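Sequences are here, hints too, so could you generate the full structure?
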Amino acid sequence: MERIVQILLITAAVLMIIQGFLHRRKHEKDHSHSSFGHKHDGSVFSIDFYAYASRLRTWSPKYKAVFSMVCLLCCIICDNIYVSCAVILLMAYITVVMGGLPFRRYLSLMTIPLVFLFFGCVAIAIGFSGSPSGDFNLHLGFFYVYTSKESLWETLELITKALGAVSSMYMLTLSTPASEIIAVLRGIHMPKLLVELMNMIYRYIFLLMDTQCRMKNAAVSRLGYCDFKTSCVSFGQIASNLLVVSLKKGNAYYHALEARCYDGELRFLEEEKTVSAMQTAGALLSVSLLLCIWRLTV
Amino acid sequence: MTKKQKKLIVFITSLCGMFAIVPAANAMHIMEGFLPVSYCVIWGLICVPFLVIGFMHVDKQVKENRQTMMLLALTGAFVFVLSSLKIPSVTGSCSHMTGTGLGAILFGPCVTSILGLIVLIFQAILLAHGGVTTLGANCFSMAIAGPLVSFVLYQLLSKTGVNRKVNVFVAAFAGDLFTYCVTSVQLAMAHPSPTGGFGYALIKYLGVFAPTQIPLAVIEGLLTVVIVIGLETYAQDELKKVGFLKKGVQN
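Protein sequence lines correspond, in order, to chains A and B. Sequential numbering of the first sequence, starting at 2, is according to this note's numbering. Sequential numbering of the second sequence, starting at 558, is according to this note's numbering.
Just so you know, these hints were derived from the structure itself, not from any lab. Please note: incorrect hints may appear among the correct ones.
As the list claims (entries may be wrong) - Straight-line C-alpha distance at most 30 Å; calculated DSS-like pairs for lysine-lysine:
hint : chain 1 : residue 1 : chain 2 : residue 2
1    : B       : 797       : B       : 620
2    : A       : 250       : B       : 797
3    : A       : 249       : B       : 617
4    : A       : 250       : B       : 716
5    : B       : 643       : A       : 230
Claimed, not checked - Footprint (simulated), chain A over chain B, 3 or more residues, beta carbon under 8 Å:
hint : stretch
6    : 603-611
7    : 695-707
8    : 784-792
Stated by the list, open to error - Restraint-style ranges between C-beta atoms, simulated for each label pair:
hint : chain 1 : residue 1 : chain 2 : residue 2 : range
9    : B       : 767       : A       : 70        : 53 to 59 Å
10   : A       : 53        : B       : 720       : 46 to 52 Å
11   : B       : 753       : A       : 296       : 19 to 25 Å
12   : A       : 103       : B       : 764       : 37 to 43 Å
13   : A       : 21        : B       : 602       : 39 to 45 Å
14   : A       : 142       : B       : 751       : 24 to 30 Å
15   : B       : 610       : A       : 292       : 15 to 21 Å
Quick caveat, the model's predicted, so the values are computed rather than measured. Don't be surprised by glycine CBs; every beta carbon is placed ideally from N, CA and C.
Take a look at the structure:
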């Protein structure tokens, strides 16, 4: 049975890659592709940007949240390498092909958690001891660095599990703007104070980021980042200045809200998005597929 | 020098070089899916009492004066922005502050726990640092344990009359370091070594993260000092409002 599941998963991957290539050829002229890897400059909020641009924005946020959480839990609870691979493929398909996110951007977003994954897995896969006690040993003078087939396999399982979980989370965050996710949290009766704070913080993040960007440009153009010591001082001064400015603005924002009858609750107009029968069927089908794979390979 | 020693030196140099190049992008957020379900639930439950205390504290303040809400929102956004900024580093790698040490020193551990929770949710949604299932574990290490240590140390040291800058540095540094230790403990508990068990896994995790986290903690401490100096110089009034300079510390 395991063989069949392996073959099916590989076929699905190949089909997706082929479709991805065809898709890319069609769109090649409109895009300029940046190099591989996640760049932090200027694209701090790239996830937010893609969430607004996604074709899946018309789907109901509640539906997307429930679906991605169910897949995420499947991935973690089943703890099975085939289920994890299936989740990775399924979520990549939904986000890239159905959501219209450029594949390269998706890959570069996937590199964000890679650093943690690398360190976390090195600690699991590798051991140190005085004698060669694993399947693969590396003699380093005083001690051996060793690893065994089981621990390598365990690490591989962990990597796929973590990537599966991350990709189901990406399915949600790359198709749903934060304000809609906050609305979902309000829907599950998170305390009003927290929801309110989240809404305000979400708005202020962008205002502060903008202010910070201008302050930093001003500092850079006056040689504020010429060496390490200077850049530490400039960074600290910008940060403290940012807090001062934002606290000063707080009063003005409060009066502006008071003038518009703020009574402790911000109410936003939420678009009504319904779940179609097709979407429900799709979600049920995918989840049962995942469970099938799990049953077949346990 | 024997051949063996030469080899060892080459190996250590290359290892250090590797650590220097690897970007330490918020390496201490446990990523989505890295913990088994039981640990996600346990750490979430451990956080609950702290968060409830923090929530009640914040709720009371907001009920007394609704303007506090605005202040909280702005400081929350500030902590988020601070933690998403690239800090200056020697090797040109990409690393970030946690900003929670500063939060604990300025606003106390109650407020920081609530703001930290929200900041962590936004980091998961907007930056893909951390995750939903590991929110409990991350929340405990970054929004509760670290800030608590910073706060307690800051209070203790300010009673003994240590130089204020040293005090701020020590508090922020220790808070960051404690966060890193707690995260290592969490990882070691979830993935103990099959041969040596929990203790062995803990040593491995501490060792693996040390080359990035210890310099980062030093930088975080230095930056926090610079920020506090800046705030003391320019924002006496605002700081009084958030309760930092309550006890007349203009010495």
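For the pair supplied as a hint, residue 249(A) and residue 617(B), confirm whether the alpha-carbon distance does not exceed 30 Å. The given pair, whose Cα atoms are some 23 Å apart, holds under the 30 Å limit.
Indicate whether the distance between the beta carbons of residue 767(B) and residue 70(A) respects the range 53 to 59 Å. The hinted range 53 to 59 Å is violated for residue 767(B) and residue 70(A), with Cβ atoms some 35 Å apart.
Can the restraint linking residue 643(B) and residue 230(A) be considered satisfied, given a maximum Cα separation of 30 Å? Given pair residue 643(B), residue 230(A) holds - Cα atoms ~15 Å apart, limit 30 Å.
Hint consistency between residue 250(A) and residue 716(B) [alpha-carbon to alpha-carbon, up to 30 Å]: It is violated: about 33 Å lies between the C-alpha atoms, which goes past 30 Å.
Establish whether the coverage given for the stretch 603-611 of chain B by chain A is satisfied; the threshold is a Cβ-Cβ distance below 8 Å, and no fewer than three residues must meet it. Three-residue rule not met by the stretch 603-611 of chain B, so violated; n is 0.
Does residue 620(B) sit within 30 Å of residue 797(B), going by the straight-line distance between their CA atoms? 20 Å, holds
Within 8 Å of chain A's CB atoms, at least three CB atoms from the stretch 695-707 of chain B: coverage verdict: This one is violated; 0 residues, fewer than the three required, reach chain A with a Cβ under 8 Å.
Whether the CB-CB distance between residue 142(A) and residue 751(B) falls inside 24 to 30 Å: For residue 142(A) and residue 751(B) the Cβ distance comes to about 25 Å; the hint holds.
Assuming the hint says 46 to 52 Å, is it satisfied by the Cβ distance from residue 53(A) to residue 720(B) or not? 49 Å, holds
Taken at face value, is the distance from the CA of residue 797(B) to the CA of residue 250(A) at most 30 Å? Judged against 30 Å, a Cα distance of about 16 Å means the pair holds.
Can the suggested window of 15 to 21 Å be confirmed for the beta-carbon pair residue 610(B) and residue 292(A)? 40 Å, violated
Residue 103(A) versus residue 764(B) beta-carbon gap, inside 37 to 43 Å or not: 39 Å, holds
When held up to the earlier numbered hints, the structure conflicts with 4, 6, 7, 9, 11 and 15 and fits the remainder.
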